[in-house]
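Asker: Sequence:
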Amino acid sequence: MGPRSSRQSRSEHQPPAVDESIGQLAKTLAFLVLLPLLVAGCATALKRDGRCLASLTPDYLAAQDELQQLQDSWRALLRQEAVAAAGKAAVSPSAQREAADAYARLREARRRHQPTLDWYGKVYRRLQMRIEEDQLLTDVQTVLFPTPGILFYPVIRWNIHSVMWDGENPDADADPVTRFCTDRLVADTVSVTAE
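Just so we're aligned, residue 1 is where the sequence shown starts under our numbering, counting upward by one.
Hint data in this document are derived by calculation from the structure and do not stem from the laboratory.
Now the in silico label distances, taken between C-beta atoms and shown as ranges:
#1 Arg105 / Trp165: 39 to 49 angstroms
#2 Arg79 / Ser162: 45 to 55 angstroms
#3 Asp173 / Ser55: 11 to 21 angstroms
By construction, the Cβ of each residue, glycine as well, lies at the ideal position given by its N, Cα and C atoms.
Make the full structure from the sequences, and use the hints.
Answerer: This is the structure in structure tokens:
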């Protein structure tokens with residue numbers, strides 16, 4: 001009974017710090033394994049959408065500038081007509097034709113630039129959603145990191161992702177914004193290497 005009772009007494013008196021340190025080590029390893037896998041996809045998509053918006057911005061600004069100039073020109077011609085009409089002067093047919101031509105140029109420019117304006121809006125909203133999602137996930141990681149709850153991070157991440165994107169996958173190849181950005185970035189890369 002001597003050796004057996006000494007083994008029991010040793011196991012009963014094992015310090016709880018060993019169990020806690022093993023648990024902490026397991027949590028740390030799980031976090032270190034899961035974190036790069038989970039963050040990499042989000043960071044890559046965020047960078048891609050950011051680069052897409054950056055490549056689209058000069059076209060968007062040029063379109064906005066041209067539309068503003070055409071609209072200002074058309075409105076100036078309309079004001080001239082209004083001033084002439086208020087002064088009881090007859091508005092010349094050439095002034096009316098000039099105003100009509102200015103409006104036609106404005107409509108044509110709007111039609112031509114509408115795809116650029118639409119895509120810029122879509123990519124901007126996509127990037128804004130990704131930034132909001134990334135901020136939420138960062139906040140969740142900050143709260144869960146020091147606790148065993150970090151093991152539930154993949155489930156929480158999936159839940160946040162599916163709620164924010166209404167169950168759709170914004171990274172799918174069939175997604176129109178993803179396809180547009182991929183094609184645009186490839187075209188930009190080809191044009192840079194060709195120069």
